[in-house]
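K.L.:
Just so you know, the sequences run in chain order A and B. At position 18 of the first sequence (counting the first as 1) the number is 18 in my numbering, and the numbers step up by one without a gap. Whatever position you read off the second sequence (first residue = 1), add 1000 for my numbering.
Since the hints were derived computationally from the structure, they do not count as laboratory data. Quick caveat, the model's predicted, so the values are computed rather than measured. Every residue, glycine too, gets a C-beta built ideally from N, C-alpha and C. Be a bit skeptical, because a hint or two may be false.
Said to hold, decoys possible - Partial list, derived from the structure: chain B residues whose beta carbon lies under 8 Å from chain A: (1) 1042; (2) 1078; (3) 1090; (4) 1099; (5) 1103.
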Amino acid sequence: DAKTTQPPSMDCAEGRAANLPCNHSTISGNEYVYWYRQIHSQGPQYIIHGLKNNETNEMASLIITEDRKSSTLILPHATLRDTAVYYCIVRLPPQRDSSYKLIFGSGTRLLVRP
Amino acid sequence: NAGVTQTPKFQVLKTGQSMTLQCAQDMNHEYMSWYRQDPGMGLRLIHYSVGAGITDQGEVPNGYNVSRSTTEDFPLRLLSAAPSQTSVYFCASRGATGNTIYFGEGSWLTVV
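One chain only, chain B, in its complex shape:
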């Protein structure tokens, strides 16, 4: 059981480039979300989804797009990367009524 899988684990981008962080879960969870964590700080919610075809904004959505075409996948897109988006990104999921949120191992993104 792989749980929540994120790729890539490390990425360096130039300012203005675009990229997609991939997230997949194999637990048939309805709820998925993306957080970012800056040095010395707690996680902040970027976007979340309560099911396939449904997404909504979190605390810090600007500069990021998401889609949820399947239950398993929830990719995070950076359309035009900025140095302020240098951070560690975590994907998470949980079942409809589950209290436990499962996090991926993180994706380290540096924008130069």
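Next comes chain A alone, as it looks inside the complex:
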């Protein structure tokens, strides 16, 4: 699985967009980008994933660069409840890799300020 690099911490104001970057310069053609977050040491929560097209769901948007070497998770209107550690993970989809491994790095600690 490709290694990812994320800033250790970020902050943003409540109501503003939070843009969390991730570098995955060694990503292979079949690997997807997944984002999870962990709030207050609860179990990690799935946010979004993508291969090469930008993706959006009710929680966030994922922007993947054309060369796929980096991506940005966007929380369009951050709330205090979005304060968490955000993990960017690169791996093959389950149909291609049944080993189940999610390689969690240290993530980005996002603090949303009132």
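Starting from the structure of chain A, add chain B where the hints point.
P.N.:
Relative to the frame of chain A, chain B by itself:
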């Protein structure tokens, strides 16, 4: 729908004691796994299972045993607890082709 349920939530063990962390899911998921998380670090995979009767080792399997006799349950056994096993343990599951992995709420284990 309970999702992934872990018990106990908190446990204190003495060095050398044994115990089992229980994990159950009610989503009929084939894949289940155990992770541990040490302070300030990301999760590390201990063991995983791709179906009943099938288990395999993850990154940090030493000191832990697992079994998968049913689809619903995936217990994690510590045979002889060591202080290095003080950690938060998370159980997770997903369907065969699902991209979403569902995590339990965690079990806080302290070995003294």
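K.L.:
For every hint, state whether the structure bears it out.
P.N.:
Comparing the hints with the structure gives:
About 3 Å separates the beta-carbon of residue 1042/B from the nearest beta-carbon of chain A, less than 8 Å, and the hint is met. For residue 1078/B, the interface hint is violated, since its Cβ never comes within 8 Å of a Cβ in chain A; the closest pair sits about 20 Å apart. Hint on residue 1090/B holds. Least Cβ distance to chain A is approximately 5 Å, under the 8 Å limit. Using the Cβ-Cβ criterion of 8 Å, the hint placing residue 1099/B at the interface with chain A is satisfied: the shortest such distance is roughly 6 Å.
Evaluation of the residue 1103/B hint against chain A yields a held restraint, the C-beta minimum of about 3 Å falling below 8 Å.
Hint 2 alone, counting from the list given before, is not met by this structure.
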